[in-house]
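Chains as they are written, first to last, in my numbering: chain A, 799 to 1076; chain B, 31 to 308.
No lab work stands behind these hints: they were computed from the structure. Some hints could be false.
[To be verified] Below, a sample of chain A positions facing chain B; criterion: calculated Cβ distance under 10 Å:
#, residue
1, L800
2, A825
3, L896
4, G902
5, S905
6, L944
7, A966
8, L969
9, L971
10, S972
11, I1035
12, S1046
[To be verified] Chain A regions said to be covered by chain B (calculated; three or more residues, Cβ under 8 Å):
#, region
13, 817-824
14, 875-882
15, 912-922
16, 999-1008
17, 1058-1067
Backbone N, C-alpha and C define an ideal beta-carbon position, used for all residues, glycine too.
So the chains spell out like this:
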Amino acid sequence: MLRLFIHSSAWLSFSGLLLLSGFLLYASWPIFSEQGLYFIAESEWYPYEDLFGMLPALFGSLLSVGVALLIALPLGVAAALFNIEIVPSCLQPWLRLLMELMAGIPSVVYGLMGLWLLVPFLEQQLDLLTGRTLLAAALLLSVMVLPTIMVLSEDALRKVADDQRQRANALGLSWWAVVQRILLPQAWPGIRLATLLSLGRAMGETVAVMLVIGSIDRLPEPLYNLLQPAQSLTSRIGREMGEASVGSPHWSALMSSGLLLMLMSVAVVLLSQRRWFK
Amino acid sequence: MKWTIHPAKLLLTLVALPALLIPALALGYIVYQGGAVISWQFISTSAELSGFGASSGVFSQLAGSLLLAVGACIVATPVALGTALFYQLSNNSRLCHHLELLIYLLQAVPPIVYGLFGLILFVQIFSLGVSLIAGMLVLAMVLLPMLTLNNITSLQRIAIEQTDAARALGLTESALVLRVWLRQSRRELITGQLLAIARALSETAPILFTATVFSGVVWPDSLLSPVTTLQTHIFYLAQEGNHPQSIDVAWGSALVLVITIVLFSLLARALKPSGGNL
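From just these sequences and the hints, can you work out the full model?
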């Protein structure tokens, strides 16, 4: 009895990924059979004219996540170092608790703050027509992944053996040399893992991004312009899923966006687990 | 030595401060905005069919969120526990290795993709419609990887002597699982459940199209009727409410949601056997 239960649940978990990709492929099949794979690289998205270019949303996803990580990574690692090296040890657990609780705040609450705090602020400060821009999405994402990066980097830094540090001190290395030559290189695998995890989380983030990104399917002009409304894969799915009728080309194009998103996050994990295959 | 002022330490502090202050300020802002709105009446009454109305309480939303989260946890628990037991009992290390990678992959799949999957399979193919049960099943899938990993860690924490002694006494496999493993790790397993509920409460994207409606439901009549939840309530109000009062309700709902999640995570932390030394 128990064996049967254990085996069936294990097989259920085993089949999870297969089921997910299978049903998404099934639902997006019409669009692939009709338009091939070229539409992924095209830049026009007009569902009512059967144009389903994925490029703007794909680009928006990658750019917002990239900028978010560029901001959050140095800040997060610095905060982790600060908490370990500078904060008195009686305060450390409290700071850590705060960060862990922050990591649990739902994305929709960040979205609310983004829409009613960050967006008006950007509008005023940068004198924009609308604050709903790629920059708003990137800033919001960076705040959202910051706690995760900090908590995981701190774990990695704490794992660096004490005797390494003592030997470095005995050699008379300065504090900065210890950080730069011993702590950071030793903790690097953990920090890299934290980065990839937050990359995946930021890429799949839906409601917060959807509220602030502006949802306009257009490549920014010039390409590095962060101050225009944009679109990400997730925000497009969230925005348009409600209006697409079941089984229409629009519906299956949205499903294929989901499939693309899933493939991208799977690729990120495989990248982070690379050494497993060696 | 710790207190000598070092230019590098000063620089690190300057970089780290925004990372520590911004999340704290964000939390403070939610409390400030939401605190002005919530009262016992706000939590304990439900705004019957009022939509964007003025004096809306959020009781039905809170109830819907909790129902979905607890239901999802109940659905996911047996499968997660079974998979974890399979992992621990199996002596095929290759298979375990693949299973672990697979769970990491499932964990990386963005929640919105699970939402799309649920929309295809549960809402359309099984024709459950937009309903409580569809939402529970989708959320259960979202929770499955984290619960499984959590259960595996809990089982691994059991002292090897316990297992050896049980085996030496000639206990059958089911007796080993039921009377030694589950009993030894029950507190950690419950911690995992509480964290899973907290996680389910913070997800919005997967239930947006599968389980929830904006208004009109006070208490779901059956598993097949849709619900209202705090997460989607905040989302709709933030997105469409131009009325200042509906934004107030959104902030109030956000604070209620954050408090609920924090309560679950703190409870989990308090139950953790080794004490909160993280």
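Hint by hint, here is what the structure shows:
1. L800: 4 Å, holds
2. A825: OK, holds: A825 (chain A) within 10 Å of chain B, min 5 Å.
3. L896: With Cβ-Cβ at 7 Å, under 10 Å, it holds.
4. G902: With a minimum Cβ separation of about 5 Å from chain B (threshold 10 Å), the hint on G902 (chain A) holds.
5. S905: 6 Å, holds
6. L944: 6 Å, holds
7. A966: Hint violated; A966 (chain A) Cβ to chain B Cβ min 13 Å, cut 10 Å.
8. L969: Since the shortest Cβ distance to chain B is 15 Å, the answer is violated.
9. L971: Because about 12 Å separates L971 (chain A) from the closest Cβ in chain B, which is outside the 10 Å limit, the hint is violated.
10. S972: With a minimum Cβ separation of about 8 Å from chain B (threshold 10 Å), the hint on S972 (chain A) holds.
11. I1035: 6 Å, holds
12. S1046: Interface hint status for S1046 (chain A): violated (13 Å vs cutoff 10 Å).
13. 817-824: Three-residue rule met by the region 817-824 of chain A, so holds; n is 5.
14. 875-882: Satisfied; 5 residues make the cut.
15. 912-922: holds (count 3)
16. 999-1008: holds (count 5)
17. 1058-1067: holds (count 6)
Checked against the numbered hints given earlier, this structure breaks hints 7, 8, 9, 12; the rest are met.
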